[in-house]
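Take the sequences, apply the hints, and build the full model.
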Amino acid sequence: MIQTQRIRYRLKQQKFKEVSSGKGVVEYFLVDEYGNERSVSAMAKLNWRKQLSSIKPIHHRELPLVEALAKASINETIEVDFTDFNKKFKRGSIRKQKISVPKVKVSNKNHITDMGSVIDHKGRLMQLLAYSLVAFLVIMMLFKML
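Add 12 to the 1-based position in the sequence shown for the numbering used here, that's all there is to it.
In case anyone wonders, no lab produced these hints; they're calculated from the structure. Cβ atoms here follow ideal geometry from the backbone N, Cα and C, with glycine treated the same way.
Derived pair list, reagent style DSS-like, types lysine-lysine, alpha-carbon separation capped at 25 Å:
#1 29 with 57
#2 24 with 62
#3 57 with 35
#4 83 with 35
#5 68 with 99
#6 57 with 27
#7 68 with 35
#8 62 with 35
#9 29 with 62
#10 24 with 68
#11 62 with 83
Label pairs and their in silico Cβ distance ranges:
#12 93 with 48: 14 to 24 Å
#13 18 with 139: 47 to 57 Å
#14 51 with 96: 17 to 27 Å
#15 37 with 93: 19 to 29 Å
#16 65 with 88: 17 to 27 Å
#17 50 with 151: 48 to 58 Å
#18 20 with 143: 45 to 55 Å
Now the structure itself:
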């Protein structure tokens with residue numbers, strides 16, 4: 013008989029690192045009901061408004077947790093029941109049989125607040141644009157001198 017396996021978590025922070033346009037990794041930083049801190053990562057897709065549209069856990073055993081985190085807000089406490097998931101997927105089951113981990117469609121469209129990689133990327137693009145403009149002006153000045 014499997015015991016009920018419910019755990020409460022508080023979502024402290026979430027970060028998003030964009031890998032390619034509209035795709036990346038979202039990392040959730042949590043504290044469980046015993047005060048233990050941990051992080052959970054998932055592959056994510058963003059819509060055109062830079063909101064989560066779907067996520068897929070990196071580790072299949074974190075699926076129930078990632079589903080709940082996708083709908084949670086910062087500092088919100090969530091309770092995750094792993095009982096049904098653990099009945100269906102025993103520990104080590106990923107090695108015995110191939111389990112496809114489904115993408116989770118996000119319905120409340122959480123806004124990604126930490127877009128560090130996007131800002132860095134835009135900064136590099138602006139710097140490149142400035143260098144290109146200076147180079148263009150220098151070339152134009154050289155043509156006028158000839």
